[in-house]
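A.B. asks: Take a look at the letters that make up each chain.
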Amino acid sequence: SQQGEEDPQALSIQEGENATMNCSYKTSINNLQWYRQNSGRGLVHLILIRSNEREKHSGRLRVTLDTSKKSSSLLITASRAADTASYFCATDENQGGKLIFGQGTELSVKP
Amino acid sequence: GAGVSQSPSNKVTEKGKDVELRCDPISGHTALYWYRQSLGQGLEFLIYFQGNSAPDKSGLPSDRFSAERTGGSVSTLTIQRTQQEDSAVYLCASSYDRGLDQPQHFGDGTRLSIL
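Here the protein sequences line up with chains A and B, keeping their order. Take 323 as the starting number for the first sequence in our numbering and just add one per residue. Take 125 as the starting number for the second sequence in our numbering and just add one per residue.
Misleading hints may appear alongside valid ones.
[Unchecked claim] Counterexamples of contact, computed for chain B against chain A with all Cβ distances above 12 Å:
(1) G140
(2) R146
(3) G166
(4) N176
(5) S186
(6) F189
(7) S190
(8) V198
(9) Q204
(10) L215
(11) R235
(12) S237
[Claimed, not checked] Restricting the straight-line Cα-Cα distance to at most 20 Å, the calculated cross-link-like pairs of lysine to aspartate or glutamate (EDC-like) are:
(13) B:K135 x B:D148
(14) A:K391 x A:D405
(15) A:K391 x A:E428
(16) A:K348 x A:D405
(17) A:K348 x B:E192
(18) B:K181 x B:E192
(19) B:K141 x B:D225
(20) B:K181 x A:E415
(21) A:K378 x B:D225
(22) A:K392 x B:D148
(23) B:K141 x B:D187
To be clear, the hints were calculated from the coordinates, so they are not data collected in a lab. All C-beta atoms in this analysis are idealised placements derived from N, C-alpha and C, irrespective of residue type, glycine included.
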């Protein structure tokens, strides 16, 4: 079963612009993770934010978590054509058991 | 080092046949996960192993699906009497250990097509 929704389902921007993707979930979580998937490939882990954290940075990525609203956002700054991919949020409810994935946001960055 | 390896990368088979999908996790990773990705259902959890035991099989869709892991390493996912709705990409992931906020490392998947 899906944990929640991602918004938008698709996003098209120009190189250099920022991209923001949102994720909502339904249950209590241990952590929330963001993954990236290029067409025909597996998922690549980007960043993990624990339930007691509110914001985290990694390079051009910034993730926020609002547990009161059960939502998270992923911001990619200064986007590049190579950032074109699908991005998924995933929640870990049970400390390392299964991940529950959102439906994903398809990001297209035009050069 | 080597990542998670899955084989075959593509499998086409006739309805009713059995298929076996293989996953080689990253060496030293004790936790192993199977997921299924399809257009209609998105990414769905199937089963998770800690060592050779499977504490959570809750995602297996029917008793036609089974999985095993031997030697705490390689895992096989078996689908018996395949149906067209089994067509999907089957993804395997591993992590160093359950818990401790470990990320999961994914293989490129097996694309299964049932004719």
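A.B. asks: If a hint holds in the structure, say so; if it doesn't, say that too.
C.D. replies: Hint by hint, here is what the structure shows:
no.	hint	verdict
1	G140	holds, 28 Å
2	R146	holds, 15 Å
3	G166	violated, 5 Å
4	N176	holds, 17 Å
5	S186	holds, 16 Å
6	F189	holds, 15 Å
7	S190	holds, 17 Å
8	V198	holds, 17 Å
9	Q204	holds, 23 Å
10	L215	violated, 6 Å
11	R235	violated, 8 Å
12	S237	holds, 14 Å
13	B:K135 x B:D148	holds, 17 Å
14	A:K391 x A:D405	violated, 28 Å
15	A:K391 x A:E428	violated, 23 Å
16	A:K348 x A:D405	violated, 28 Å
17	A:K348 x B:E192	violated, 31 Å
18	B:K181 x B:E192	holds, 11 Å
19	B:K141 x B:D225	violated, 39 Å
20	B:K181 x A:E415	holds, 16 Å
21	A:K378 x B:D225	holds, 14 Å
22	A:K392 x B:D148	violated, 35 Å
23	B:K141 x B:D187	holds, 15 Å
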